[in-house]
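Colleague: Okay, here's what each chain looks like letter by letter:
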Amino acid sequence: MLPVVELIVLVYAANNDMKNISLGIVDRDHTTTSQMIVNRLTASNYFILNDFTTSAKEAFQNLESGKTDIIIEIPEAFEKDIYNNNHPRMAITVNAINGTIAGLASSYAGNILSGYAAELGVTLAQGETITQRSIKITSSNWFNPNLDYKSLMLPGVLAILITIMSIMLSALNIVREKEMGTIEQLNVTPISKLQFIIGKLFPFLIVGIFQLTLGLLVSVFLYNLGIQGSILLLYGVVSVYLLAVLGIGFLISTVSDNQVQAMFITLFFMIIFVLLSGLFTSTDSMPVWAQKINIINPTAYLVDIIRRVVLKGATFADIKSQFTAIVILGVCVNSLMFWRYKKIS
Amino acid sequence: MNSIEINNISKSFGSKKALQTINLNVEAGEVFGLIGADGAGKSTLFDILVTLSKSDSGTARIEGLDVEKDYKKIRKIVGYMPGRFSLYMDLTVYENLDFFASIFGGTIEDNYELIKDIWVQIEPFKDRPAGKLSGGMKQKLALCCALVHQPRVLFLDEPTTGVDPVSRNEFWNMLKNLKRKGITILVSTPYMDEAILCERIALMQEGKIMAIDTPSNITKAFNKPLFSVKSTHQRKLINTLRRFDQAYSCYFFGQSVHLAAKNESVSAKEISDYLNENGHPEIQVAKISAGIEDCFIELMRKTA
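These protein sequence lines are chains D and B, in that order.
So the first sequence is numbered by this note's numbering: it starts at -15 and just counts up by one.
So the second sequence is numbered by this note's numbering: it starts at 4 and just counts up by one.
For the record, the hints were derived by calculation from the structure and aren't laboratory data.
Ideal Cβ placement from N, Cα and C applies to all residues, glycine included.
Mixed in with the good hints, there may be bad ones.
Mimicking DSS-like on lysine-lysine, the simulated pairs with C-alpha atoms at most 30 angstroms apart in a straight line are [said to hold, decoys possible]:
no., chain 1, residue 1, chain 2, residue 2
1, D, Lys184, B, Lys20
2, D, Lys177, B, Lys305
3, B, Lys72, D, Lys326
4, D, Lys326, B, Lys20
5, B, Lys265, D, Lys162
6, D, Lys184, B, Lys182
7, B, Lys129, B, Lys57
8, B, Lys272, D, Lys162
Which residues of chain D face chain B? A few of them, derived with a C-beta cut under 7 angstroms, are [stated by the list, open to error]:
no., residue
9, Gly165
10, Glu168
11, Thr173
12, Pro174
13, Gln179
14, Ile182
15, Thr267
16, Met270
17, Val272
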């Protein structure tokens, strides 16, 4: 049940679409043009007009107090400058404490304003840079036509949930046996290392597969997400992936003496894996060293694969390189774990 | 034939010498006790014998099998009950037993004969999670699980620690029954009163064995006259006795003070007269014969 709740909460919460940006307008022009600009801005879903004044100082105070996120200042004689072709200027001031909001808000506002400016046939100054828009660019979003952020997040969050659950379960399991002392009792029995590890891996593999099923059901029935690719491929990849991350979990449990220690080591890896996975920010925009780390980050591969298969309908041939990487990681981690795990201390 | 042979086993943890050249033989079918306080090295020795850890030097054989080379074979023929209750708390009594039987490739039915006497006592609780059993019941279940594969040698590490006196008694009776079935039993305990229930014992202290013999021979070896002295004020009493010129050693022993005298000639009267002179009220002095604990304290004095 918990993963389902997480899937529902996380997808909505980790939504990067900006709506309801609080807008402040300083209109010192009071003309039809300035009125049109304000109308354009508020007509979009993005902005809510929260402050309308003629004093720049007052507007800035509101920005400081957090009442508004962005100020658009229309100077005196703005309309006159336009018609006299006198390089009209206007200012956009954004509260950049939250960089994401700031970037999105200014680019939304910039787009709206330049659209309007294009109609008027004038260029628009945005901060210091003056953009000459001689070429009009229109973009369309493939594989996620409505740019629905949820469709992008959902497969990624699913990948993360599977990862967290499996690593936690496996890392804590053997350590728990160590704490309880039951591992000693098992170690004096004739069962072999391989039997022990397989016995430990398979129940968790089944739990992970079950979780994937649950997540896919939620995606399809709650979010109406159409799965484009082969479900069988998805299950195959996730099974192999699970063996790799369960191996990481067991490796952690062989080097820790108690559950708290195992928990901290797990968190250390989890945070790195998740933040670098490309779930929240694209891996391509990460610094080179982060991209290098991602070579050994199984989660990055899985997020990529699940997105490709679910959203794009990728076939095995399309994801072969990522899949191979997961297989190699899995083999390495599991051999290391097999070597580290000893029945004799 | 010796069931357990230990030759010059040593093991250290960092600078702490946990075991120092231990030599010990346990005969087949014997109930052998390792007696020592916490930290004497009993559990470390157990770990080596049941192949859970390796010694730094020395060799040990269980039923003729080397603990390092033949550890796989040893694991099939020994039963081990760790000091801490270590069964699966969330499995029921029956599931635990069934699990351990199946790990050794057997079933409860195949091995029922050996565990029958103990199993009937916990059978009424067989559907209860093991974590919810009382201390004595847990011990019985742990013993069942250690026996379910019919081991030839049984290692019991402090099986009665934290168990009530009645259950302790029952437990020792069960061990006697097992001995009759020809199982060699090595049992460790910090309780000196349990030592006399073993056929032979080894007294351990700081990783060394101080004495190995039958309990009666060990107490016989105590060659000083021993007195139990009681008065109202224990602390004052022991200080006065320590100044007594005939005192060899004296120490608290429960409610009384035990005094070992230097000479056979010292009498109880002499001691009570001495205490009277020093103004102690309600003096009781009685000559007693030494118990295992007295011998243990004496051996500690000698080795210290």
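Colleague: Does Thr267 (chain D) pass the interface hint, meaning its C-beta sits closer than 7 angstroms to a C-beta of chain B?
Modeller: Since chain B brings no Cβ nearer than about 42 angstroms to Thr267 (chain D), farther than 7 angstroms, the hint is violated.
Colleague: Have a go at the Ile182 (chain D) hint: is there a Cβ in chain B nearer than 7 angstroms to its own Cβ?
Modeller: Since the shortest Cβ distance to chain B is 14 angstroms, the answer is violated.
Colleague: Hint Gly165 (chain D) vs chain B: min CB-CB distance below 7 angstroms?
Modeller: 3 angstroms, holds
Colleague: Next pair to validate is Lys272 (chain B) with Lys162 (chain D); report whether the Cα-Cα distance is within 30 angstroms.
Modeller: Given pair Lys272 (chain B), Lys162 (chain D) is violated - Cα atoms ~58 angstroms apart, limit 30 angstroms.
Colleague: Would the pair Lys184 (chain D) and Lys182 (chain B) pass a check requiring their Cα atoms to be no farther apart than 30 angstroms?
Modeller: With Cα atoms ~37 angstroms apart, Lys184 (chain D) and Lys182 (chain B) exceed 30 angstroms; violated.
Colleague: Does the interface hint hold: is Val272 (chain D) within less than 7 angstroms of chain B, judged Cβ to Cβ?
Modeller: 44 angstroms, violated
Colleague: Is Lys265 (chain B) within 30 angstroms of Lys162 (chain D), Cα to Cα?
Modeller: Roughly 51 angstroms separates the two Cα atoms, so the pair is violated.
Colleague: A closest beta-carbon separation below 7 angstroms is what the hint needs, so does Met270 (chain D) meet it against chain B?
Modeller: 43 angstroms, violated
Colleague: Please check whether Glu168 (chain D) passes as an interface residue: C-beta within 7 angstroms of a C-beta belonging to chain B.
Modeller: Nearest chain B Cβ about 5 angstroms off; hint holds.
Colleague: Decide if the proposed pair is consistent with the structure: Lys129 (chain B) and Lys57 (chain B), CA atoms, cutoff 30 angstroms inclusive.
Modeller: 36 angstroms, violated
Colleague: Interface hint check: Pro174 (chain D), Cβ to nearest Cβ on chain B, cutoff 7 angstroms. Holds or violated?
Modeller: Check passed: Cβ of Pro174 (chain D) comes within 5 angstroms of chain B, closer than 7 angstroms.
Colleague: Do the numbers back the hint for Gln179 (chain D), that is, is its least Cβ distance to chain B under 7 angstroms?
Modeller: 9 angstroms, violated
In summary, the numbered hints that this structure violates are 1, 2, 5, 6, 7, 8, 13, 14, 15, 16 and 17.
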